[in-house]
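Since the structure of chain U is already known, use the hints to place chains Y and L on it.
Protein chains in written order, with this note's numbering: chain U, 1 to 226; chain Y, 1001 to 1860; chain L, 2001 to 2369.
Bear in mind the hints are in silico, worked out from the structure with no lab data behind them. Watch out, some of these pointers could steer you wrong.
Which stretches of chain L does chain Y cover? Using the computed rule of at least three CB atoms under 8 Å from a CB of chain Y, they are [claimed, not checked]:
#1 2084 to 2094
#2 2108 to 2118
Distance ranges between label pairs, derived from CB positions [what the hints assert, rightly or not]:
#3 Y:G1233 to L:P2083: 34 to 42 Å
#4 Y:R1014 to U:A70: 35 to 43 Å
#5 U:S145 to Y:Q1828: 51 to 59 Å
#6 L:E2322 to Y:F1223: 46 to 54 Å
#7 Y:L1591 to L:D2081: 38 to 46 Å
#8 L:D2061 to Y:L1212: 52 to 60 Å
#9 U:P41 to Y:R1463: 34 to 42 Å
#10 Y:G1791 to U:A70: 54 to 62 Å
#11 U:S145 to Y:E1760: 40 to 48 Å
#12 L:D2081 to Y:L1163: 18 to 26 Å
#13 Y:I1228 to L:A2151: 18 to 26 Å
#14 Y:L1013 to U:A204: 44 to 52 Å
Just so you know, these numbers come straight off a predicted model, no measurement behind them. Even glycine gets a Cβ: it sits at the ideal position worked out from N, Cα and C.
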Amino acid sequence: MPTLQAHDLHRVYGSGDSRVEALRGVSLTVAGGEFLAVVGPSGCGKTTLLHLCGGMDRATAGTIAVDGVALGDLDDEALTGLRRERVGFVFQFFNLLPTLTLAENIALPLLLAGVSPAEGTARAREGAERVGLGHRLAHFPAQVSGGELQRAAVARALIHKPALLIADEPTGNLDTESGQRVLEVLRTLHRETGVAVLLATHDALIAGAADRVLRMRDGVEVPATL
Amino acid sequence: MTLFRQFIVRALLRDRPRTVVTVVGLTLGVAVVVAIRLANASSIRGFETALDVVAGKTSLEIVGAGVGVPETQLRDLGWLRDYGRVSPVIDRIARVRAPDGTEHPVRVLGVDVLRDRPFREYRLLRFARDGRDPRPQELLALLLDPTSVVLTQRFAGRHAIELDTPVQLIIGDRVHGAVVRGLLLDEGPARVVDGQLALMDIATAQLLFDRLGWLDRVEIQLFDAETIDDAEGAIATRLPDGLRVQRPAQRGRQVERMLAAFHFNLTALSYIALVVGLFLVYNTVAVSVITRRREIGTLRALGATRRLVRRLFLGEAALLAMVGAGLGLPAGWLLAQAAVRLTSTTVNVLYITSAATVPALGAGDLLLACAVAIPLALAGAAIPSAEAAGVTPIAAVRDVDRFVRDRGVPRRSAALAMLLFGAGWWLSTREAVGGLPVFGLGAALLVVFGAAALVPALLDLLRRVRLPWRWFGLEGLLAHANLSASVSRLAVSVAALVVSLAMLAAMAIMVGSFRDTVGYWVGQTLQGDLFVATADRAPLGPAVTISAATERRLAAHPAVAALDRFSHVDLSYGPDRDLIILGAGDFEVRLEHGGLLLKTPTDGRAAMRRAVGADAVVVSESFAIKHDVAVADRIELDTPQGARPFQVVAVYYDYSSDRGLVVMDRTTFARHYGAQRPTGLTLYLAPDADPEAVREELLAGAGPDHRLFIRTNAALRAEVLRIFDATFAITYALEAIAIFVAIIGVAATLVTLTLERRRELAMLRQLGAGRGQIRRMVVIEAAMLGMLSQGVGLPVGVVLSLILIYVVNVQSFGWTIQFHLPLGFLAQSTLLIAVTTALAGLYPARIATRLTETEGTSEG
Amino acid sequence: MAGAIALVTVPAMAQESGRVTSDGWRQAEIGYTLQFPRDHGSHPDYRIEWWYYTGNLSSDDGRRFGYQVTFFRIGVDPAPDNPSRWAVRDLFMAHLALTDIGAGRQRMAERLDRGGVGWAGARAGTLEVWNGDWRAELDGTTHRLRAVDGAFGVDLRLEPGKGPTVHGEDGLSRKGAQAGNASYYYSMTRMPTTGHLVVDGETVAVTGASWMDHEFGTTFLEASQVGWDWFSLQLDDGSELMVFQLRGADGAPDPHSAGTWVDAAGVATPLGAGEFTLVPGRRWSSPSTDAAYPVQWRIELPGRAARFDISAAVDAQELNTEASTGVTYWEGAVTLRGQIGERAVSGRGYLEMTGYAGRPMSEMFRSGP
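Just chain U, with the same shape it has in the complex (with noise of 0.2 Å):
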């Protein structure tokens, strides 16, 4: 069974003279440990597309199943409950809570998950050292750089162990060479942990990490042209 499987999916926000098609029927799966990149200039939907894979967003028409559950079917509830336990989430601005410091941030979807906060800190503190943010522990965001805060994202992002990492821009907000770094750190996870990845990025760079592209444009995938 694949880790994910999205058929068909369309996306419509707004109505009327307002209404805007953001996917127009795209389709994808990834197996289970898979790194899929999907690539795409800026409005091409390659960011709802993995919103609705991450079930943040409900997708207009179309069937998406994480792990075999189909999301269409959860209630909110359910699909925050999802959203907790199989996907982990990277976000092109970090999205750290600035009151929380970097281990507690990479601690928060084990609290969410009901794990007692020792064993949060101790699993926070393993994921930190994972990314190479041993000695940063105790900062808050604010005090930290943009590609340590990435890299604590990730270690978030996979504490928990999910099935399906999702990574949005993840580098889109670094300079190169900390980007460069989250990236060696998504890929050694990756490898470690056996998660099934979904990456947007518009970077061909990144994309070439991936084990397979998918392309858009305009919210309908574009066949594979080098």
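Then chains Y and L, alone, in the frame of chain U:
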């Protein structure tokens, strides 16, 4: 809980100014409510503890009509022995002059210790040293001497009074030399009344307090307390006319009911501060939710449920409320101390002389404060919390689903306002419930809510109306545009301010009108030249008298043309046994010299002339209203001979007491109630006499055994208005607090708006707006809100004041107040509000300028 | 003879005799003639006055009882300045005691009151003395005596019997060497009694004989006198004996001890201190006060060749009157066996012993309470 600490508590600590403002607002709100409750409780409690002490282990008591129990009737009550022990009591107020010359009121119990010993604790220091209680004969021996008085150890200690040393007792106009023959141990009852208790022999008390032949009550301690219901009934049927049996708590209930209207109004007022606190919580949580949308979205994306998010923000409100309650409690206690001091004039003058102390705070108070503050805070946070719960995970990355303006809101709000106003009008026509203006205040409340409901509609109107905002330059135009864009967000804060300002205007109008009316009444009524009173004008309970010697001396002064002797006693009246005041005056003298502001009939003098010596009375307006009595009606008054009919010949205006006065001619009074010494004298001087000079002469003529207070007409008028102002000082203080909290609310709202608009502000900056312009814009917004609120608040305030004057006041106190607009005050307050709200805008203005800088660099 | 004298009309001014002390009370001195029923009434000019009823009664089924009802009036201030009715001129006290001889138990109650509005008082001119609902009054010549305290009490009719017997010199009973330390004192020595008692809440019809003492004066005892032993005895031959012995601090009999012999015909003969001896016998120690009261006595009247052995009907007849007079004393029913000459006699009576516990009696009866 961990997340709450990390996500909410840290944010509160980080954003300290906003948190502090909210906590201060909540603290004040809670403090005001707690303070009023404690102050009310202390005045009631002051009386009740005094009652407890005085009642001792009494199960029932026999009381007479107004003047007390004629002791000759007691002789025939030997059968009371079948039910229990019987003890006659004189219960009065006197002052003790300590060796250092200071004077202190004490409650004096005149008892027959031989009978009274089972009723009360008589643990005296003198005997306690030997480790025993005094024998009855020893107690008697201590008290038998007519100079003997027993004080409490606590009182004596406080005023450096030694055992077996002389003190002076001041009773009415007499100064009585006494010797402290005993000190009650500082325990039990003596401690409860803070030691303000004195004991003397009943015979001495009768003599000193002009009570020869009379008892204040007869107490009964049943052999079998279980049978109290039967005994009460059986005794009631056997008692002769003019005497009644009741439980001691009855007196407490009477006083409680008497104070109920006063306390009810005060409590209602105090809740305004709390309502304003509710708006404040709304604001704070709303700001939280708005500024942390992205964080909330992240939480949601990471798997936080809607419920969790909602709970986090409700928790924020609850935490603020708990801190507010925790701080508000001690603050309220301190405030209550101040209020009790402030109202001690009021409550004492109007109601009770007692050792009113603010009760210590207990766990119960904390619970109560939390029980008030937390639900309120949760209610205030309900809407923003729901909004927070509605934030989608997408918000983590994208600004979507912001407010969608509902164009139907203004229309619906106007409709709701009309509905509320209509309901308010209907309620204002309802009768009082049990003497409390429940519906009247309900009407006021509905009008307030109506005004609040009207705010969105008015803001919408403001949006559409093209006023010359250009007067304020570009900033004014922008400010108007900004406000117009945030109607729904503003509505709540503006409503809070409107409510506060309307209440302020209403109170100002009501109190101003009242003061005018009282001033006019005093001018019309106080016609005497000199007014003679004793120091203790105890408004409740037995009045102290002026001795015959003094009266003769004053009457003999050549400049004194006439003398009006006034006595008053408390009398239970009507089916509810309300405590009214029964007065007696020299109607002849009053007809010739005095003034009386009659409401009905028009020819009051003729009516009064008919009442001279007849079984006829004039009643105060508040009596007439409360008991639904009109001229020519017959009312039944309790007399020592039983209930007797009296014809009402006139209703007169009176603002000296809300208890209701019934006044009869002295000769009528003496015929029914026996001759009583006057409690006050009014002197009318010869036309050419100089009142001040005569006053000096009369005072100088008093020997060392006498002490008098003589006021000239002008001094008494001033005194009346001074008392009046003291009465309403607490009202003003409460209002000031409510306004302060409301203005904090406006500042907080502007902070919200500013934060919400940070991108727009940043854009303005990028378009070239200077920091000063941004700041001016925000300040102008604040002032606009202030003026808008005042613009709505003022007319609503006028409506409210009409309800207060013509409904609430009449139902609570039964006074006619001539409506009068204190235009000067209202103009001043309007200006003050404009300035204050503008000043309140300075803080958000600073945030605005700071924000535009950071937004510009980090995300712009 | 004394009884006969008492019935002789006395001058109207008799009440005025006796000097007035500095604190306003009249002294009991020679020259006043007791007259009845007038002198059954109160004598408010004198500071101290009491009416004392004791008796031995029995029910139809043979249960035996002793009772005591005493009304005291103790003057405090003969003319208070304060016109209040509650101003204390006199204090009124009363003791009630009932001894159930068969059960070996005595119960007592006491009252202390001021006159006030008339809840306690004593009328002058005829017998009417009361304290609350306890009351002694004349009904014709019959003394009506009612005193019930909840579950016990008496409600009796006492016939005058032999009539009043005056003691001492024409009714003046000297108690000390100092003139004025005396009282006017008479007794009704054998009053046939009917009525009922309340015993433990139950009403019991009784008959028997009572003894009434009425005594008034201003100062009684001298400082050296700590107490007295007083006997009222009704012999089955129809005669009665009253003797009292004043005791000094050393326990020695005082020369002012005295008594009266009343023969069956009612003729009274005063007895001087030298004409009788009182010898205490077995003592009973009170568990509550530790006082040791002689509960057996031998009385000898050498002049009459009479010798009586007196025994308490019940040992425990101590009265603690802390709440009224503040005096602790023993007062109780006694039985008598003895002989006059060769003739054996028996009888009943009452014994009062004061000054064995607490303050000396002289403190009580010299100064105010």
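Taking the beta carbons of I1228 of chain Y and A2151 of chain L, is their distance inside 18 to 26 Å?
For I1228 of chain Y and A2151 of chain L the Cβ distance comes to about 22 Å; the hint holds.
Verdict on chain Y covering the stretch 2084 to 2094 of chain L, criterion of 3 CB contacts below 8 Å
With 6 residues close enough to chain Y, the hint holds.
Hint says 46 to 54 Å; check whether the CB-CB distance for E2322 of chain L and F1223 of chain Y agrees.
Check failed, 21 Å falls outside 46 to 54 Å.
Between L1591 of chain Y and D2081 of chain L, does the beta-carbon spacing fit 38 to 46 Å?
Roughly 41 Å apart at Cβ, these two residues keep to the hinted range, so it holds.
Is the distance from the Cβ of R1014 of chain Y to the Cβ of A70 of chain U consistent with 35 to 43 Å?
holds, 42 Å
For S145 of chain U and E1760 of chain Y, compare the CB-CB distance with the range 40 to 48 Å and indicate the outcome.
Hint violated: Cβ distance 30 Å, outside 40 to 48 Å.
Taking 34 to 42 Å as the stated bounds, is the beta-carbon spacing between G1233 of chain Y and P2083 of chain L within them?
About 37 Å separates the Cβ atoms of G1233 of chain Y and P2083 of chain L, which means 34 to 42 Å holds.
Range hint 34 to 42 Å: satisfied by the CB atoms of P41 of chain U and R1463 of chain Y?
holds, 41 Å
Take the C-beta atom of G1791 of chain Y and the C-beta atom of A70 of chain U, compute their distance, and say whether it sits inside 54 to 62 Å.
holds, 58 Å
Consistency of beta-carbon spacing, L1212 of chain Y to D2061 of chain L, with hint 52 to 60 Å:
At 55 Å between Cβs, range holds.
When you take the CB atoms of L1013 of chain Y and A204 of chain U, is the distance between them in 44 to 52 Å?
holds, 45 Å
Taking beta carbons only, do three or more residues of the stretch 2108 to 2118 of chain L come closer than 8 Å to chain Y?
holds (count 6)
Of the hints listed earlier, those the structure fails to meet are numbers 6 and 11, in rising order.
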